[in-house]
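So the protein lines, in turn, are chains H and S.
Sequence positions in the first sequence follow the numbering used here and run 1 to 270.
Sequence positions in the second sequence follow the numbering used here and run 1 to 76.
Since the hints were derived computationally from the structure, they do not count as laboratory data.
These figures come from a predicted structure and were not determined experimentally.
Be aware that one or more of the hints could be misleading.
List of simulated lysine-lysine pairs, BS3-like, C-alpha gap at most 30 Å [to be verified]:
id	chain 1	residue 1	chain 2	residue 2
1	H	K22	S	K2
2	H	K115	H	K86
3	S	K2	S	K43
4	H	K22	H	K34
5	H	K86	S	K71
6	H	K86	H	K142
7	S	K2	H	K86
8	S	K9	H	K34
9	S	K9	H	K142
10	S	K9	H	K22
11	S	K43	H	K34
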Amino acid sequence: MISIQTPPQVLDAIQTAKAGAKAYCTNFFPVESKLQSWIDHGELSAEWHPGAAFFFRADRDFRHFYFCAADQASLEQGMASSSGLKAGQVVTDLVGNEALLNQLLPGLETAGFRKHAQLQRLARIGRPETSGNTPEVGFAEKGDAPAVLSLIESLFDRYGEQLPLPYELESAVNGRQVLVVKLAGELAGVLFFETQGLASSVRFWAVAGKFRAQRVGSALMQYYFQIQPAVRRFTLWVDAHNENAIQKYRHYGYAPDGLIDHVLVHRTTL
Amino acid sequence: MKSVAEILKEIRPEFDFTASSDFIADGMLDSFDMVTLVSALDKNFGISIPGTDIVPENFQNLQTIDALLRKCGAQP
Numbered sequence: 001m002i003s004i005q006t007p008p009q010v011l012d013a014i015q016t017a018k019a020g021a022k023a024y025c026t027n028f029f030p031v032e033s034k035l036q037s038w039i040d041h042g043e044l045s046a047e048w049h050p051g052a053a054f055f056f057r058a059d060r061d062f063r064h065f066y067f068c069a070a071d072q073a074s075l076e077q078g079m080a081s082s083s084g085l086k087a088g089q090v091v092t093d094l095v096g097n098e099a100l101l102n103q104l105l106p107g108l109e110t111a112g113f114r115k116h117a118q119l120q121r122l123a124r125i126g127r128p129e130t131s132g133n134t135p136e137v138g139f140a141e142k143g144d145a146p147a148v149l150s151l152i153e154s155l156f157d158r159y160g161e162q163l164p165l166p167y168e169l170e171s172a173v174n175g176r177q178v179l180v181v182k183l184a185g186e187l188a189g190v191l192f193f194e195t196q197g198l199a200s201s202v203r204f205w206a207v208a209g210k211f212r213a214q215r216v217g218s219a220l221m222q223y224y225f226q227i228q229p230a231v232r233r234f235t236l237w238v239d240a241h242n243e244n245a246i247q248k249y250r251h252y253g254y255a256p257d258g259l260i261d262h263v264l265v266h267r268t269t270l
Numbered sequence: 001m002k003s004v005a006e007i008l009k010e011i012r013p014e015f016d017f018t019a020s021s022d023f024i025a026d027g028m029l030d031s032f033d034m035v036t037l038v039s040a041l042d043k044n045f046g047i048s049i050p051g052t053d054i055v056p057e058n059f060q061n062l063q064t065i066d067a068l069l070r071k072c073g074a075q076p
């Protein structure tokens, strides 16, 4: 396994796997800026197999596994001989529609992965009507980052929900992507979002336990919509079994768009 | 055979791709959409877009996608 130093190394690896592919399959969808950030922070490594390139991204005390393979057989043969999958805790995401995932899942299970969680993507097309004042909502400041991260880490699944690392959160705070409500000097709630042009995604929406049922979450979501006048497509990922959260998002007009994420952990992680 | 515009419309029906000169900057295609689009273009035009060409600048607008397809031997 080698450490990735430049984005072209990644593209070359993808090219090697994709050349002559009959049924190319992948779970690697890197955004250019994030790819560069992972490389800059020394988080990305790779290994090559006939017809397949595997990438590993360090995250806390485990690694995310990404694959690019010419076909399912190349993927399965690569996983069987992968040293990276046998070293430490490994988590992967299978993203796609149900039919595609059902094709790939048995091969990953044979390679030692087990289902850990299932997320579904919800989307809202068009900007919602917003109403009401939300004076308690503001952008997080640099000093809020530790409390925001602590709240996110306490409420979300570290394997399944792509929790930000401290540097990512600091960058998001500086980029005015994190909304907070503070009550009595404490962090009551947070909404972490990413907007690109006409599209915006909520990464985390959370209210601390002692501040629930005080309309903190509602204020955050209302404010979020108010400051996104140009956005036409809102998305987010949610635990497919968390009916309470799904109901809340439905209230704001979100609905499943057919994309599913099976979060799998390798047997060495269990 | 479908046109590029038709394929894009199937992936993201809510957007008017003819009105944008930069699909990525305008948020009309996310990273997952890009991979879906490459797969659809490969299948539709009977080509294999090289991994090294799966970069945002090749998917900025209808003209750059058209140029990429021609480079890969397709007749869009």
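Quick rundown of the hints versus the structure:
Distance hint between K22/H and K2/S is fulfilled; the C-alpha atoms sit about 21 Å from each other, no more than 30 Å. For a cut-off of 30 Å, the pair hint linking K115/H to K86/H stands: about 18 Å separates their Cα positions. The suggested pairing of K2/S with K43/S holds, with an alpha-carbon distance near 10 Å, which does not exceed 30 Å. Between K22/H and K34/H, the direct Cα distance comes to roughly 29 Å. Compliance with the 30 Å bound is thereby established for this hinted pair.
Proximity of K86/H to K71/S is assessed by CA-CA distance (about 41 Å); at most 30 Å being required, the pair is judged violated. A distance of roughly 38 Å separates the Cα atoms of K86/H and K142/H; the hinted pair therefore is violated under the 30 Å criterion. For the given pair, K2/S sits about 44 Å from K86/H by alpha-carbon distance, which is inconsistent with the 30 Å threshold. A threshold of 30 Å between alpha carbons decides the hint, and for K9/S with K34/H the separation of about 27 Å falls inside it, so the pair holds.
Restraint check: the Cα-Cα separation between K9/S and K142/H comes to about 41 Å, which exceeds 30 Å; the hinted pair is violated. Straight-line distance between C-alpha atoms of K9/S and K22/H comes to about 25 Å, which keeps the hinted pair within the 30 Å bound. In summary, the hint linking K43/S to K34/H is supported, as the alpha carbons are separated by about 28 Å, within the 30 Å threshold.
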